[in-house]
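Trainee: For reference, the chains in residue letters:
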Amino acid sequence: MKVWLLLLASAAGSAQIQVPFERIRDADKEPGNWLTYSRDYTGQRYSPLDQIHTRNVARLRVAWVHQANELDPFETSPIVVDGTMFITAPPNVVEALDAKTGRVLWSYSKDIPKDLRLCCGKVNRGVAVLGDAVYYASLDAHLIALDARTGRVRWDVTLADYKLGYSSTGAPLAVKDKIVTGMAGGEFGVRGFLDAYDTKTGKQAWRFHTIPAKGEPGNETWEGDSWKTGSATTWVTGAYDPETNTVFWGTGNPGPDWNGDVRKGDNLFSDCLIALDADTGAKKWHFQYTPHDVHDWDSTQTPTLVEAVVQGQKRKMVVLANRNGFYSALDRTTGKFIAGRPYVKQTWASGLDEAGRPMRLPNTDPSVEGTLVWPSLGGGSNWYSATYSPKTSLYYVNVKERAGIFHKGDAEYKPGAFFNGGGQRDYKGEEGYGAVRALEVDSGQLRWEYRLHSPSHAGLMSTAGGLVFGSNGSSFFALDAQKGSLLWRFEGGGGIIANPITYLHEGKQYVAIASGHALFVFSLD
Amino acid sequence: MKRAIVLIVTGVAAAAAEGETKVKLPTGRADMARGEKLYEGHCALCHGTKGGGGRGPMLTQSKLRRAPDDAGLVKVIEEGIRGTEMPGAWALSPKEMRQTAAYVRALGRAGAGPVPGDPTRGAEIYRGKGACATCHSIKSAGGIAGPDLAGVGARRSAAYLRESLVDPEAATPEGYTLMKVATKAGGSVTGVRANEDSFSIQVRDDAGRTHSFWKHELAGIENQRGKSTMPSYRGQLSEAELTDLVAYLASLKERL
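So the protein sequences, as listed, match chains A and B.
All the letters of the first sequence, read from the start, carry residue numbers 65 to 589 under our numbering.
All the letters of the second sequence, read from the start, carry residue numbers 745 to 1000 under our numbering.
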């Protein structure tokens, strides 16, 4: 009897959740789990699972569906640990689901203050798991530790005052004994930061201000007091390199978004990739993609760590298809530019100089009457993940080919109020479109594209099964990673603005994506 | 900013912060000039350069149904109108919204003037010689190939209506993009696009039949954006008849 119980327990994967840092660091040793936002620390969103592959993916069917109870956008990227899935859901909810059946194991919900200000809906992109706890950065800018078995609150700390426009929407990143978390609120004149908290006590371990204070290097790139309200938020999960103990994190637009007159200068460290020591938060280097941005091209996308041979030399790189329309590969030890080029139509720069800095063209800034520029405010791509497959050595990105008409407006700061200095309206002159593009990782050169009817707002995932999963509108699909041909598709019935994941449970591979207000989980029949 | 900002809460909060007190629109020359410039940049694409209407209603009327008072007008500019194509002007500051509203009120005061022509004779042309009801409906009576015209007189200026009659392709209505779909078997269907994504397309023909196709089963798809199946009435109707027909359409103030 005892033996049977033990067998049943292990078969059902009912072991207690216990995820020490080493498990995440060595994620490739257990490809059936999805232990952190991008599965592993590289940000590649690549899975070594190959049970679902190019020849059988056509048989993929819905295994179960989980419905959210609120009509806000559903952007979660699930975490799966030993048979339990952890998701976030609108409006401010964390749930543990049985990864086999979709049944809810526990649910945690936090009230939202009535006067909370958000630019883009009650969205959240997921949790972090470390040890026996789940970590959630809640909409009202709190970091909350939940017991992974029950969802009970262990601690709850305030990151910043939501009344001043601060919020949080990204999944935290568990690194060693700390939880690294970003923040949002780039349209409210906040001052950005990246924080780390001690998992045991919830005490702040370090804070890196993404805008240097008076007297600190970089502050001279902000005119007058504009640095105090310069935004540079950190609302998407970064990457981590255990070898050098470095956290890589993207930063958002400078504020006010579309009126740069009140913040003359390069506005460091907005629209940057920053490399920080994971123990202390000390900056190792930064690279700015869009100096003095006036088009709201946040650079918050998850960076991708890759090793590749460039001109006969093996390089450790960090790469990114930036919202500003340029793909860039950097040396991730030094932050120095290796190569880059446009990956979508762009009309605001003549190219990148030798240091990777865009050479801005005249008459491309927003104006009162409106200035037509490619790409649009949504960018060539956006917050959702690109993916890199070590099997094909290709970088895949879901792109938007679309222009915007950028307006400049008043920019008067009032605490907690919208501080954008203009905006953008859609360009109706031509219909925008989308595409999944496969780029050579060392140069950004296009290898193939799979064209889509409209620009997407959803991420990609590649697998060892030779597949790239992606979304367009309400369709979820799988492409051949080598050739870019369509192998499978599914109509989800609701807009997809999320990243896919995959996991193995009881020997069976599943693929999950949020669509509309539901999380769909697929498996072979 | 994360993406196309749809779910802006700023409007609600800003209104709450300023209280429900009466909104005072600026009257100074500089404010009006700024309002005109903002209007041309943000509003004219849909409402016409002088407020004559287009994809959006004409604004050259003293009373706006959705904006009975100035506070209501600022609110519409700020938040948009749910369930319509009118977006909230999240790119404008509160001051800029009031300047824009002041200019819209000025357009209303200037007014459109009386519409010439005989609406009764125009109604006869609509039903008879013009055969408009073949494709258009008024309160659902009539054809469906073109838009319903109930309330069109409250939404579009006489100048806009006249242009639509003589040059239908000058401004084709949203939601009526014509698509020509060719099947591999050699057949073809032309109609209004009901929906389209990367994998399929749904087209409604003039008779109201909906045709759905998987794209990989098609030989080709031609997007005829900007084209219209509506014939031009230039030369088909006399000047006097056109004037009467416009007068009739302009008299259709009552909505569904």
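Derived from the structure by calculation, the hints contain no laboratory data.
Remember, predicted model here, so these are calculated numbers, not experimental data.
There could be a bad hint or two in this list.
Stated by the list, open to error - Each computed DSBU-like pair below joins lysine-lysine, with the alpha-carbon atoms no more than 35 Å apart:
hint: 1; chain 1: B; residue 1: K768; chain 2: A; residue 2: K409
hint: 2; chain 1: B; residue 1: K924; chain 2: A; residue 2: K227
hint: 3; chain 1: B; residue 1: K768; chain 2: A; residue 2: K178
Unchecked claim - If you anchor each label on the Cβ, the simulated ranges turn out as follows:
hint: 4; chain 1: B; residue 1: I825; chain 2: A; residue 2: A582; range: 49 to 55 Å
hint: 5; chain 1: B; residue 1: S956; chain 2: A; residue 2: G493; range: 25 to 31 Å
hint: 6; chain 1: B; residue 1: A926; chain 2: A; residue 2: D490; range: 25 to 31 Å
hint: 7; chain 1: A; residue 1: D490; chain 2: B; residue 2: V910; range: 25 to 31 Å
hint: 8; chain 1: A; residue 1: K547; chain 2: B; residue 2: S932; range: 37 to 43 Å
hint: 9; chain 1: B; residue 1: T864; chain 2: A; residue 2: A582; range: 54 to 60 Å
hint: 10; chain 1: B; residue 1: N939; chain 2: A; residue 2: V129; range: 53 to 59 Å
hint: 11; chain 1: A; residue 1: A346; chain 2: B; residue 2: R826; range: 47 to 53 Å
hint: 12; chain 1: B; residue 1: R969; chain 2: A; residue 2: V129; range: 34 to 40 Å
hint: 13; chain 1: B; residue 1: G930; chain 2: A; residue 2: S507; range: 53 to 59 Å
hint: 14; chain 1: A; residue 1: R271; chain 2: B; residue 2: K959; range: 29 to 35 Å
hint: 15; chain 1: B; residue 1: L962; chain 2: A; residue 2: G493; range: 24 to 30 Å
hint: 16; chain 1: A; residue 1: Y477; chain 2: B; residue 2: V910; range: 49 to 55 Å
Stated by the list, open to error - Coverage of chain B stretches by chain A, computed from C-beta distances (three or more under 8 Å per stretch; other residues unrestricted):
hint: 17; stretch: 809–823
hint: 18; stretch: 832–840
hint: 19; stretch: 923–937
Idealized CB from N, CA, C, for every residue including glycine.
Trainee: Provide an ascending list of the numbers of those earlier hints which the structure does not satisfy.
Mentor: The structure conflicts with hints 1, 2, 4, 8, 10, 13, 14, 17 and 19, although it agrees with all the remaining ones.
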